Amino acid sequence: MTPLQRIQEKFSIEIIETHAFRGDETVVIRPGALRTVVKFLKETPELDFNVLMDLTAVDYLNFAGGKIKKDSRFEVVSHFYSLKHNHRLRLKVPVGEENPEIDTLSDLWPSANWYEREVWDMFGIRFKGHPNLKRILMYEEFKGHALRKDYPFNKRQPLIGPAI
Amino acid sequence: MTTETRSMLLNVGPSHPAMHGVIRLIMELEGEKIKGVDVEIGYLHRAFEKMCETVMYAQCFPYTDRLNYVSPLINNVGFALTVEKLLGIDIPERAKYIRVIMSEISRVTDHLTCLGASAMELGAMSAFLYMIKAREYLYELVEEITGARLTISYVRIGGVKADLTPDFADKAFQKIAEVRKVLIESDKLLTRNRIFFDRVKDIGTISAEDAIAYGITGPFLRSTGVSYDVRKANPYLIYDRLTFEVPTGTKGDNLDRYFVRMEEMEQSLRIVEQCLQQIPDGPIAGNLTGEVISAAKMVDKAKMGETEGLIEDQVDLDPTLQGSTKKYYAGISANKKDVVLPAKEDTYGNIEGLMNHFKLVMYGHGIRPPVGEAYFPVEGANGELGFYIVSDGGDHPWRVRVHPPCFPIMAALPKCLVGDMMADLIPTFGSVNMIAGELDR
Chain G
1 MTPLQRIQEK FSIEIIETHA FRGDETVVIR PGALRTVVKF LKETPELDFN
51 VLMDLTAVDY LNFAGGKIKK DSRFEVVSHF YSLKHNHRLR LKVPVGEENP
101 EIDTLSDLWP SANWYEREVW DMFGIRFKGH PNLKRILMYE EFKGHALRKD
151 YPFNKRQPLI GPAI
Chain E
1 MTTETRSMLL NVGPSHPAMH GVIRLIMELE GEKIKGVDVE IGYLHRAFEK
51 MCETVMYAQC FPYTDRLNYV SPLINNVGFA LTVEKLLGID IPERAKYIRV
101 IMSEISRVTD HLTCLGASAM ELGAMSAFLY MIKAREYLYE LVEEITGARL
151 TISYVRIGGV KADLTPDFAD KAFQKIAEVR KVLIESDKLL TRNRIFFDRV
201 KDIGTISAED AIAYGITGPF LRSTGVSYDV RKANPYLIYD RLTFEVPTGT
251 KGDNLDRYFV RMEEMEQSLR IVEQCLQQIP DGPIAGNLTG EVISAAKMVD
301 KAKMGETEGL IEDQVDLDPT LQGSTKKYYA GISANKKDVV LPAKEDTYGN
351 IEGLMNHFKL VMYGHGIRPP VGEAYFPVEG ANGELGFYIV SDGGDHPWRV
401 RVHPPCFPIM AALPKCLVGD MMADLIPTFG SVNMIAGELD R
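Just so you know, the protein sequences line up as chains G and E, in that order.
For the first sequence, our numbering begins at 1 and goes up steadily by one.
For the second sequence, our numbering begins at 1 and goes up steadily by one.
The set of hints was computed from the structure by calculation and includes no laboratory data.
Don't take every hint at face value.
What the hints assert, rightly or not - Derived, one-sided and incomplete: chain G residues facing chain E with beta-carbon distance under 8 Å: (1) Phe21; (2) Ala64; (3) His79; (4) Phe153.
Keep in mind that this is a model prediction, so the values were computed, not measured.
Glycine is no exception: its CB is placed at the ideal position from the N, C-alpha and C atoms.
Turn these sequences into a full structure, and let the hints steer you where they fit.
Okay, structure coming up:
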């Protein structure tokens with residue numbers, strides 16, 4: 001049984017969508033169920049996803065020039081890997097534009113700590129329960145979130161010197 | 001009488017000779033002992049991911065060169081493989097071998113730089129010079145094929161830019177022998193060197209559990225005893241046909257990381273040798289019995305309609321494009337007209353080739369993968385280098401995310417440093433092999 005089938009069997013109502021485009025098993029779940037699902041991923045011996053390889057977000061504002069409609073603007077995408085079983089899974093959680101906030105994974109996988117800081121920095125998505133949610137690549141005075149689609153790529157902001 | 005003890009805050013970086021690029025560490029010291037470390041990154045942020053969204057797929061390659069600038073070829077290969085996965089195309093055997101050869105050469109240059117620099121910071125200047133000498137031999141090989149040493153932009157979606165030169169294998173065997181000599185010399189200089197040994201042994205230790213929890217991969221994870229290597233776990237290109245070992249350590253200290261890297265270089269050289277022996281010749285497309293003429297002459301002839309026999313002629317190109325003519329074309333590029341640029345003879349000599357070329361390079365045209373997303377991991381010099389690309393069906397990537405292998409290691413740096421002495425920062429930080437280009441993107 002693949003990891004995807006196991007999750008489908010266990011959480012059929014929480015799943016919004018699944019696909020395996022080019023062999024990458026992907027599951028999209030409801031934000032409310034995030035913590036239960038990831039605990040299941042980590043603690044089930046047959047899945048044993050002990051590595052959170054990557055966590056990022058995608059902004060789907062005006063996706064494909066508005067031709068493809070998405071229900072929510074952002075998606076937080078995490079890539080899990082199991083060293084024991086050598087399988088991977090992509091988990092996506094839709095996040096709305098109004099109040100972009102989801103639960104943190106940093107207490108389960110310490111690697112999520114910096115990834116979530118980066119997502120906050122670049123997309124302005126907050127992580128509930130994160131111990132130290134501050135910008136990581138940009139400086140604190142930076143205005144806006146650079147990887148959002150409505151942030152112009154050539155926008156300039158004044159240089160900030162060190163605080164005296 | 002009581003003495004008040006307070007810890008001292010010490011700021012290291014962002015401009016510090018031992019900080020390999022720009023990074024700031026705020027350390028809390030108690031005497032000489034490190035009590036806490038706060039790592040601040042982002043000084044070299046160049047908006048790689050944002051800029052990739054503004055250009056066409058093929059134009060992202062120069063940006064990927066500048067991620068890990070010590071082994072740029074691996075970044076190129078990773079990006080190309082991800083776009084190829086999105087497109088669902090396969091590349092010719094010969095191109096796969098070339099990509100593996102170039103990746104492994106890059107891995108050796110990366111490890112040489114890392115070990116040489118960290119040895120130098122511990123006072124072993126001669127070991128550094130020996131290792132940089134060896135790196136120079138390998139850069140000469142890279143330069144011969146790609147035309148550049150650092151910003152190579154050599155890999156293409158659906159293949160590579162140019163074929164290997166005819167005498168490349170001989171030269172490579174010769175250089176590999178030279179590099180091996182240097183490795184033995186540096187091994188003698190460092191491995192049994194008391195000063196070096198005492199500075200790195202049992203310093204910067206991290207447990208396997210912590211390394212896994214922080215998502216660390218590559219030599220850093222392998223030094224703790226976990227044998228995870230993308231080349232073995234999810235073999236890509238032709239790695240499943242090659243014989244090589246994955247060295248692991250036991251303790252996860254700086255010494256183990258040094259040993260793992262030293263052994264990995266030997267394994268990479270082994271891979272290059274095997275590839276050079278196994279590499280198949282590419283097929284030759286068409287009949288190339290005509291004469292060799294200059295590009296300008298070929299364009300003139302085609303424009304004037306003097307096309308008789310032109311299809312059999314070969315073009316003489318300037319050095320930057322050598323190896324990308326029709327003679328080598330079929331061996332190094334996938335047979336996909338909507339992805340790969342045509343051979344230069346076709347571009348210069350006939351209207352179909354010229355149109356095909358423009359359809360791929362003109363703004364608003366270009367490569368268009370179907371709507372979807374793909375993640376492809378390759379084994380970078382520092383660990384798993386993964387590209388995650390989302391396509392909206394257009395000619396620009398909708399989102400390019402790179403998973404930089406030294407990002408999780410930097411997040412776990414306090415784990416390695418706390419409890420050690422202030423001076424131990426230098427060997428530990430050196431063994432992380434932080435590359436600010438990929439860390440800050």
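Against the structure, the hints come out as follows:
1. Phe21: This hint holds: G/Phe21 lies near chain E, its Cβ roughly 5 Å from the closest one there, short of 8 Å.
2. Ala64: Constraint on G/Ala64 satisfied, holds at 4 Å.
3. His79: Hint on G/His79: holds, closest Cβ of chain E at ~6 Å, below 8 Å.
4. Phe153: Since the shortest Cβ distance to chain E is 5 Å, the answer is holds.
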